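Given chain A, work out where chain D should sit, using these hints.
First to last, the sequence lines map onto chains A and D.
To convert, note that position 60 of the first sequence is 60 in my numbering; the numbers rise steadily by one, no gaps.
To convert, note that position 106 of the second sequence is 106 in my numbering; the numbers rise steadily by one, no gaps.
No lab work stands behind these hints, which were simulated from the structure alone.
Owing to the predicted nature of the structure, the values given are computational and were not obtained by experimental measurement.
In silico DSSO-like links for lysine-lysine, alpha-carbon gap of 27 angstroms or less:
hint, chain 1, residue 1, chain 2, residue 2
1, D, Lys172, A, Lys159
2, D, Lys140, A, Lys171
3, D, Lys18, D, Lys93
4, A, Lys127, A, Lys111
5, D, Lys149, A, Lys158
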Amino acid sequence: MLYTKDTLLSDVIHSDYYMLTVVDRYGLKPGFGNITLQEMSALCNIKLEFLLFLIELHCNQDLISIVERYKPSTDEIIDYIQRTHKQLENVLFPYLQGQVTELTNRVNSEKSAVINDFFNEFIREYKEHIAEENTDLLCVTDNDRATVSDFITCRQCKKHSEFSERLKDIKQLLIVYSDADNCVNTMTHFLMLLNRIERDLSEHSKLEDYLLNILRDSN
Amino acid sequence: MKRILITESSELILRGIKTIIQDLPFATEVIVDNDISTMQDKILITEPDLFIFNPGIFSIDVYDNFKRYFPQSLKTIYIGIIYSHYDNRILSKLNDTISIYDNASGIIDKITNHLMPPEKREIKTEDKDLLSSREEEVLKWLAQGLSVKDISGKLFISPHTVISHRKNITRKLGIRSVPGLTIYAIINNIISTKDIVIE
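This is chain A alone, in the form it adopts within the complex:
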């Protein structure tokens, strides 16, 4: 699908429902009306070019050619990553925690304890990682940004890989080794949620890895 200033936001959402998560980062909730991308851009105070970049990024996923085409600024990417961090901390992680509780109330107690511990630890470490990034990567001044080094870039990129690996593993454990006889619907719903979170974190990490690399290279 070709996206232009006249494309309806609802058409973008219909082409990929994940975009609901993206527009939510700019405060738009379902019921936003029959607005075009240009109208959304004015409403949310976001440059149309950057909005098109985000849509292409999430729908087409070929980061390098999209960056080449839209040339988003570092500040715009940082602003978007900060919005994503807020959404993860304030919306997604509390929701995930609630769903973990619902699931673990239904599986046998021994397994529920380890599943619970896994997610508590995962969320705690991810929040720590966000806090580190807010200091290392998303800091306000150019001087601060000049400190993004090879070491920081490698450490954060490695963390992204580890988080992705852990989510894949928990899905594998739940799909293959869990005992879901009493909670098939809850388990199915939970696995679909994990799949969505995995995509969310993976696309977020990809953009952050890109940002880390351009900040490091500009030093």
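Quick look at chain D alone, frame taken from chain A:
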């Protein structure tokens, strides 16, 4: 044994790819060759299952005559390492691409799906769930967070053997991370929660 030929002049990217390939769930032989003048012969001689290369090293003429330069009869999978923008004329000739922004597990999945598509994966009954007693022993220590070196010292085996057991465990269980292995070990009574030392 799958043979992988790599052409990449950046030492950093080359080492990164070689490190990631070590985690593939099957045995591999890696050949590195950066001499593009003899690449066509190299492919014919080595018959790689996978050729990972930087698409920028070949001229556009090579892509326009791709079948002439790279024999299709060998069934080699061509994967480009992408770290800048490439023309569609180039990308359309490749079987797939990996971006330098892809994470390790994504790259492993991509390569695995090409070299061992799900429908061709043999699931031997003995492989499916059952770990050997030695693998279980290695898993017990991995799940408790011990390093390869520590485990090799505890079990009096070489680090290389520990790595080989770890590969088999990962392949059989489909689980790669230490937290994932820990949960598997607990729910299968290989270790108890009391064995886990919280730092």
